[in-house]
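Q: Each chain is listed here by its residues.
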Amino acid sequence: MPLIRIANLTYAYAPTASTSVPALQGIDLQIAAGEYVALIGANGSGKTTLVRHLNALLVPTAGDVWIDGLNTRDRSAVRAIRSLVGMVFQSPADQLVATVVEEDVAFGPENLGIAEDELPQRVRTALEQVGMWPLRHRPPHMLSAGQQQRVAIAGALAMAPRCLVLDEATAMLDPAGRGDVLRVIDALHRDGMTIVAITHHMEEAVGAERVITMHQGKIALDGTPAQIFTAPGLAALGLVPPPAVELAQRLSRRWPTLPPGLLTAEALASALEGMRA
Amino acid sequence: MSGTLIEVQGLCHTYMAGTPLAQPSLRGIELSVDEGQVAALIGATGSGKSTLLQHLNGLLRPQQGRVWVSGHDLGDPRTDLRRIRRLVGLVFQRPEDQLFETYVGDDVAYGPRQAGLRGTELRERVRWAVGLVGLDFERYKDRLVGTLSGGERRKAGLAGVLALRPSILLLDEPTAGLDPAARSDLLAQLSVLHQQGMTMLIATHNMDDVAALADVVYVLEEGRIALRGRPREVFAQAGALEALGLSVPSVVSIMAALRATGLAVPLSVLTLDEAEVAILAAVCGL
Amino acid sequence: MEEEGALSEFEFLRNVTIGQYLPTGSAVHQLDPRAKLAMVVLFLAGVVISTSLAGLVVALAAVLAGLALARIPLRYALQGVRPALPFLILLALLQVFTIPQNDVGTVLWKWWLLTVTVTDLVAAALTLLRFVVLILGLSLFSFSTNTTELTHGTEHLLRPLQRLGLPAHEFALAMTIAVRFVPLLALEAERIAKAQASRGADFGHGRGSFVQRTLRMLPLLVPLFVTALRRADTLVMAMEARCYTGGKGRTHLIHLHARRADAFALLVVLLLVTLLLTATWLKVDARIWSWIL
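Protein chains in written order, with this note's numbering: chain A, 24 to 300; chain B, 3 to 288; chain C, 652 to 944.
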């Protein structure tokens with residue numbers, strides 16, 4: 024059974040308004056446990072609306088969403104669903120509730136009523152996974168945006184989820200902060216966490232196992248990064264492949280012996296090296 | 003003949019000066035920007051970029067050092083700041099956050115109205131500004147601000163500043179948070195402004211923006227200028243930039259990766275076209 | 652500084668010492684916040700009720716001792732009194748120079764309509780002293796208690812009432828969130844004000860009618876409200892995503908542990924307050940005067 028199963032999902036923000044176009048139209052999607060999925064698309068294509076269905080913040084107007092077999096319409100299952108699927112938002116400061124890092128990380132498990140002798144261990148494990156344990160006594164306003172975002176991730180991890188949803192989690196970070204967050208996500212994925220990441224940075228999408236592009240409320244493309252970024256019609260979806268991919272494509276036209284599907288500078292470098300040899 | 007429009011000498015600034023929480027933010031900045039130039043200010047968070055920009059339109063007075071803009075000494079208490087702010091437009095981060103009117107046209111009109119424009123003159127000024135950011139005046143002037151997309155709202159914010167007809171434009175992280183399509187759109191608009199002779203100072207940590215636009219680059223570190231020069235020269239020093247916690251434009255890092263495998267490509271490329279040519283040359287053994 | 656995550660400058664916070672936290676790690680800082688809350692409430696009540704000059708002098712000595720124990724530089728603490736000083740002096744002068752209602756006390760000086768009696772002087776001294784002690788007492792509390800401790804203390808004190816249906820955790824959480832976001836919103840306000848000023852906004856400096864002044868502030872107020880509401884929206888979603896449904900059924904990471912030092916400190920304050928009230932009730936002042944004269 025896939026961890027996430029979506030069948031014919033339709034969602035409209037104002038279902039009774041005559042002029043409303045549904046934000047999501049008939050989405051069918053399955054995500055297996057342990058997958059790393061990047062969700063890309065122009066603003067307004069429905070990415071955020073889709074992921075809000077994964078932890079029952081939104082409930083379908085039509086169709087169904089099942090998380091580990093639990094239907095998101097079932098109000099009694101909401102707690103279980105939200106401890107299975109953790110979510111990290113774009114703005115670091117607006118997710119943190121407490122005035123001390125470790126207390127904020129404890130917020131989730133406290134809400135779940137986790138036994139008090141287990142709380143400290145949960146907090147510690149989560150903070151160590153994001154590399155913020157030494158700063159556990161700091162107030163959030165004394166952390167950089169990247170550090171705050173890692174604390175937000177820890178806050179989600181403390182609930183022991185099986186899937187982590189990141190809604191443009193690196194958008195407000197500078198390059199250093201972004202690098203730190205991406206390293207944490209990669210490490211989590213290697214340990215088996217399912218990752219669903221909305222991003223506008225194509226370099227991040229390249230690092231995923233699977234890329235789904237959305238366009239006007241529907242899924243347009245679904246495949247590996249190599250398949251997506253070499254697909255024709257990417258520009259019509261408002262997307263641009265990362266520079267390394269574009270460069271590799273241009274060079275491939277001159278040298279057809281270059282292998283297709285080169286996604287990174289390193290891959291291109293090795294391929295060119297192989298070609299010169 | 004272009005002259006120096008912005009001149010900064012020995013500028014120092016301390017936050018919360020005189021309190022136990024005092025912290026230096028600028029330590030002796032020296033820079034100059036000529037008329038029609040686009041200068042990029044790059045640096046990590048906290049390096050002082052925004053503080054420096056705010057000195058250039060009089061929001062902050064120099065605590066130490068001198069700032070001249072278009073011949074006006076901004077440290078002189080007699081300088082008319084309102085005049086300066088019509089000369090120098092400062093576009094803050096996320097300009098869409100400063101929209102407060104219900105209709106787009108009204109918001110863009112705020113600046114010129116404060117400057118005294120009325121009637122037909124005001125309307126024409128708004129039309130000009132809205133067109134300058136690539137929006138159609140007739141379609142957008144009566145649009146509700148709340149119905150615009152993120153990219154459109156940012157353009158509206160930018161139009162609000164351009165409506166004052168500044169000759170110098172200061173931009174703080176202009177492409178932050180935009181999706182790729184909106185970003186390239188905005189960069190294209192800025193490029194058009196550049197061609198029309200606008201002098202610009204852009205603070206950013208997005209290196210690809212810099213590669214596309216800048217004539218000269220200043221790299222800030224903890225309130226000091228660590229590197230300066232033309233983009234090609236500065237970005238060729240990839241190691242130094244990395245040590246400062248900064249990245250290089252994507253193209254440059256691709257070149258660096260290729261060099262690491264022994265391919266003799268230069269680091270001083272700024273566009274994909276240049277990269278393609280350089281790789282061809284290196285591989286074909288020229 | 653420019654971006655969120657690092658505390659930026661607040662010019663207007665420079666001269667306000669009430670609400671400031673000075674971590675000196677003293678014994679006072681380490682007292683249980685519940686004890687400190689109880690102490691400050693009792694102390695303030697005692698000072699307000701008391702009309703004994705002698706009692707207030709003792710209270711002043713106690714507060715100064717408290718400040719010394721908390722390792723707060725006296726000069727910094729007294730700075731908090733400075734903004735109120737003009738008002739206090741005016742009040743005192745008014746009390747000194749009023750026409751006596753009853754014929755009470757020895758007249759020290761008389762000129763035309765102005766009379767200065769001993770009673771007046773005493774009343775003025777009382778007012779001044781009371782204010783100074785109140786301000787110093789509140790400052791001592793805030794210097795030695797950070798906001799996290801404050802909210803924990805409040806929540807723990809209110810927790811027994813939770814069983815009666817009082818939303819103690821919700822209240823404490825609202826306090827915490829307010830404390831966390833007030834500086835962020837102030838930063839936001841500063842940024843918006845600067846952005847609008849760069850467009851030529853003139854926020855008026857108090858000219859014109861109330862309506863005119865409000866309209867002038869719209870370029871600041873509207874975006875600020877919109878931003879605040881947007882942030883609140885995100886925060887609510889983040890809290891729901893972490894399963895917050897109110898205080899019922901929650902466990903807690905942080906527990907407060909009262910120690911002997913807390914009981915001792917509380918006892919000292921209780922004694923002080925008793926002293927203040929007794930001095931008032933037994934008219935100790937009158938006896939001291941008669942003993943001096």
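Each hint should be verified, as a subset may be incorrect.
One-sided and incomplete, this derived list gives chain A residues near chain B with beta-carbon spacing under 7 angstroms [to be verified]:
#1 65
#2 66
#3 190
#4 199
#5 230
#6 254
#7 258
#8 260
#9 273
#10 290
#11 292
#12 296
#13 297
Hints in this document: simulated from the structure, not taken from any laboratory. Even glycine gets a Cβ: it sits at the ideal position worked out from N, Cα and C.
Q: Take the hints in turn and mark each one as holding or not.
A: Hint by hint, here is what the structure shows:
1. This hint holds: residue 65 of chain A has a C-beta 6 angstroms from the nearest C-beta of chain B, less than the 7 angstroms allowed.
2. Because the closest C-beta pair between residue 66 of chain A and chain B is about 5 angstroms apart, less than 7 angstroms, the hint holds.
3. Because the beta carbon of residue 190 of chain A sits about 13 angstroms from the nearest beta carbon in chain B, more than 7 angstroms, this interface hint is broken.
4. A cut of 7 angstroms between beta carbons decides the hint on residue 199 of chain A: the least distance to chain B is about 5 angstroms, and the hint holds.
5. Interface hint status for residue 230 of chain A: violated, as the beta-carbon distance to the closest one in chain B is roughly 14 angstroms, over 7 angstroms.
6. Hint status for residue 254 of chain A: violated, given a least beta-carbon distance of 16 angstroms to chain B, over 7 angstroms.
7. Taking 7 angstroms as the C-beta contact cut-off toward chain B, the hint placing residue 258 of chain A at the interface is violated, the least distance being around 9 angstroms.
8. Nearest Cβ of chain B to the Cβ of residue 260 of chain A: about 9 angstroms, over the 7 angstroms cut. The hint is violated.
9. For residue 273 of chain A, the shortest C-beta to C-beta distance to chain B is roughly 5 angstroms, which falls under 7 angstroms, so the interface hint holds.
10. Evaluation of the residue 290 of chain A hint against chain B yields a violated restraint, the C-beta minimum of about 9 angstroms exceeding 7 angstroms.
11. Evaluation of the residue 292 of chain A hint against chain B yields a held restraint, the C-beta minimum of about 4 angstroms falling below 7 angstroms.
12. Given hint, residue 296 of chain A at the interface with chain B, holds; its Cβ is 5 angstroms from that chain's nearest Cβ, closer than 7 angstroms.
13. Residue-level restraint check for residue 297 of chain A is violated (minimum Cβ-Cβ distance to chain B is 10 angstroms; threshold 7 angstroms).
Comparing the model with each earlier hint shows violations of hints 3, 5, 6, 7, 8, 10, 13; every other hint is respected.
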